[in-house]
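**Q** Listed here are the chains, written in short residue letters.
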Amino acid sequence: MSVPARLSAVPRPGDDVASLLEALVAGRVGAADEFFRRFAPLVASVIVNTLGRRPEVPDLVNDVFVMALRDVGRVQSAAALQGWLTAVTVNVCRVFLRSQRRRAWLRFFAPEALPDVEATPTAEGPEGAVVKAVYEVLDTLPAEERLAVALHDLEGLSLAAMAEAMRVSLATGKRRLSAGRARFAEKARGDRRLTEWLEEHP
Amino acid sequence: MKPEPLERLGPLVRAANEPAVEAAVRAASLRRAATASPRRRWPLVAAGLLAAAAATALVVWRVTPAAPTAVAHLDGVPLEPNARVTAEAPRTVSFADESVAVLERGAVRLDGPRALVLDDGRLELRAAPRRRDGFLLSAGPWQVRVVNTRVAAAFSSATGRFEVVVIDGEAEVRGPGPTTRRLATGQRFVVEPHVDTAPAPPATPELSAEPSAPASPALPKRPLQPAPVPRPSAASSAPPWLEALKEGAFARAVAEADRAGFARLAASESPDRLLLLADAYRFQQRGDEARTLYLAARSRSRTAEPRAVAAFQLGVSSSDLAEAAEWFEKAYDEAPSGPLAAQALGRLLEVRHRAHAPSAADTARVYLSRWPEGPYAPLARLLTK
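Protein sequences, first through last, are from chains A and B. At position 53 of the first sequence (counting the first as 1) the number is 53 in the numbering used here, and the numbers step up by one without a gap. At position 304 of the second sequence (counting the first as 1) the number is 304 in the numbering used here, and the numbers step up by one without a gap.
It is possible that some hints are incorrect.
What the hints assert, rightly or not - Lysine-lysine pairs mimicking BS3-like chemistry, simulated, CA-CA at most 27 Å apart:
id	chain 1	residue 1	chain 2	residue 2
1	A	174	B	2
2	A	187	A	174
3	A	132	B	2
4	A	174	A	132
5	B	2	A	187
6	A	187	A	132
To be verified - Pairwise CB distance ranges (calculated):
id	chain 1	residue 1	chain 2	residue 2	range
7	B	356	A	76	37 to 43 Å
8	B	73	A	127	18 to 24 Å
9	B	11	A	174	18 to 24 Å
10	A	158	B	323	52 to 58 Å
11	B	18	A	171	29 to 35 Å
12	B	22	A	78	49 to 55 Å
13	B	355	A	26	38 to 44 Å
14	B	22	A	143	24 to 30 Å
15	B	302	A	76	55 to 61 Å
16	B	120	A	78	35 to 41 Å
17	B	323	A	156	49 to 55 Å
18	A	26	B	385	57 to 63 Å
19	A	156	B	73	50 to 56 Å
If you are wondering where the hints come from, they were derived from the structure by calculation, not from laboratory data. In this text, all values refer to a predicted model and were calculated from it rather than measured experimentally. Ideal placement from N, C-alpha and C gives every residue a C-beta, glycine not left out.
Input sequences plus hints: build the corresponding full structure.
**A** Shown next, in the form of structure tokens:
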């Protein structure tokens with residue numbers, strides 16, 4: 001009995017990334033689920049650390065995978081898959097950040113569209129207040145500077161990985177990181193929660 | 001050199017965000033599974049409910065597995081929601097609700113947890129007994145709804161020939177028109193398309209009742225034979241307006257309906273006939289009467305699809321964007337696997353876009369998840385960028 005190509009292999013957790021990429025490109029059954037299972041934590045981490053805890057995060061995670069599954073054929077090698085997926089994720093964050101201000105007025109007219117404050121876990125206690133303050137300051141930064149500082153200082157990417165994820169040169173990445181840090185430091189000085197924490201944690 | 005403030009804050013933020021990352025993965029996983037199902041209820045994806053949906057997902061996760069569950073398996077292998085299966089020898093597709101389809105040859109596509117599209121070939125379907133709304137088998141323009149039923153069906157994409165026989169139980173067959181035919185055990189429904197090169201009239205279905213012949217216990221090994229029983233002779237007793245409609249004489253049909261008494265017909269005819277008559281009035285530019293008949297059809301029909309058809313036409317004829325959106329949403333919600341579902345959702349997307357409704361992007365996502373190559377896909381992609 002002949003077996004259609006799409007049904008001929010199902011990637012399993014033990015398979016390597018190369019096999020997974022091959023299965024994704026071939027459109028094999030189960031490959032997309034395995035791709036999601038394996039990389040969703042990375043994607044969610046980048047999104048949450050970049051944008052903060054927002055009710056839109058699950059949708060943004062899915063948006064990333066919709067785009068990634070559509071374009072996965074462009075990935076040149078298994079070694080490039082994670083970096084490429086991070087870049088797709090960063091682009092989704094970038095689009096979200098840029099659209100936020102444009103859509104802000106809609107929330108005024110459509111209160112039912114406001115995020116449910118209970119929809120995502122909230123950080124408790126003084127540390128929760130500090131984290132909240134961090135994102136309040138980040139919300140005031142230009143999108144590209146915010147991406148740079150979030151990817152490097154919060155998500156923990158190396159400078160090279162940060163630049164690759166932002167699809168800019170290393171020099172440009174460093175410049176944006178430096179500008180974002182400086183802007184953050186200046187604004188943080190005006191926030192009591194941040195100044196107190198920074199004084200306690202030199 | 002002293003670390004930057006954000007460098008010092010990084011570990012704190014990362015640690016604080018970890019639960020949110022885990023929750024986001026679980027919620028995304030559930031939403032992914034829900035989006036794959038075309039039978040989800042519209043409120044799940046309606047405007048402004050994204051946040052509520054995420055909250056719901058988090059609550060549901062407490063009692064359900066995080067990983068999406070495949071709606072069907074092929075020979076034991078999980079299938080993706082819209083998977084296509086081809087077969088040159090019998091292959092078994094098992095659904096999560098315990099419905100089973102044996103594809104003898106040809107190709108089928110999953111269209112949801114209880115919906116299958118026969119693109120070509122022959123299959124036997126045994127629908128699970130528990131579902132009140134049944135299992136939907138589509139083939140070309142035909143749809144067969146089965147509940148606790150075994151049916152065998154054959155469809156040729158080349159000729160358009162369609163045949164379904166009820167082996168055990170009952171089924172409803174619906175075609176391009178609003179008429180629904182009910183089949184019982186042993187009955188067969190056949191559509192023999194014209195094969196000449198001249199423009200063919202609409203295919204005429206034949207209904208065969210063979211109560212004396214035992215139903216085939218298994219899918220026939222040879223092509224199903226056309227039903228030998230002649231067409232029902234009820235046509236002679238049809239009212240004049242219906243006779244005129246069958247001839248395609250819409251002006252005469254409307255005149256006959258007026259003569260018979262519009263109000264009486266609107267109050268007494270069956271939902272299927274009301275839809276036909278409403279179309280005739282619509283074709284004659286008599287929108288008010290058409291609207292009255294569509295509304296009457298909706299209020300009188302006890303099944304979802306005639307109501308959905310009427311809702312769709314009410315949406316098309318509405319000049320108010322908000323009202324049109326309401327009707328298209330009803331049309332989609334009431335028959336998400338019906339013949340007008342794609343058009344209803346596409347029109348809903350278009351109307352919401354024109355109204356600058358924030359929910360247009362959500363509608364676009366749902367549309368793309370179901371009809372990524374559909375006629376409204378370019379607009380949907382634009383709205384999801």
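**Q** Now tell me if each hint is right for this structure.
**A** A quick look at each hint next to the structure:
no.: 1; hint: 174/A to 2/B; in the structure: 18 Å, holds
no.: 2; hint: 187/A to 174/A; in the structure: 20 Å, holds
no.: 3; hint: 132/A to 2/B; in the structure: 24 Å, holds
no.: 4; hint: 174/A to 132/A; in the structure: 26 Å, holds
no.: 5; hint: 2/B to 187/A; in the structure: 18 Å, holds
no.: 6; hint: 187/A to 132/A; in the structure: 14 Å, holds
no.: 7; hint: 356/B to 76/A: 37 to 43 Å; in the structure: 41 Å, holds
no.: 8; hint: 73/B to 127/A: 18 to 24 Å; in the structure: 46 Å, violated
no.: 9; hint: 11/B to 174/A: 18 to 24 Å; in the structure: 22 Å, holds
no.: 10; hint: 158/A to 323/B: 52 to 58 Å; in the structure: 56 Å, holds
no.: 11; hint: 18/B to 171/A: 29 to 35 Å; in the structure: 32 Å, holds
no.: 12; hint: 22/B to 78/A: 49 to 55 Å; in the structure: 26 Å, violated
no.: 13; hint: 355/B to 26/A: 38 to 44 Å; in the structure: 42 Å, holds
no.: 14; hint: 22/B to 143/A: 24 to 30 Å; in the structure: 26 Å, holds
no.: 15; hint: 302/B to 76/A: 55 to 61 Å; in the structure: 58 Å, holds
no.: 16; hint: 120/B to 78/A: 35 to 41 Å; in the structure: 37 Å, holds
no.: 17; hint: 323/B to 156/A: 49 to 55 Å; in the structure: 52 Å, holds
no.: 18; hint: 26/A to 385/B: 57 to 63 Å; in the structure: 27 Å, violated
no.: 19; hint: 156/A to 73/B: 50 to 56 Å; in the structure: 40 Å, violated
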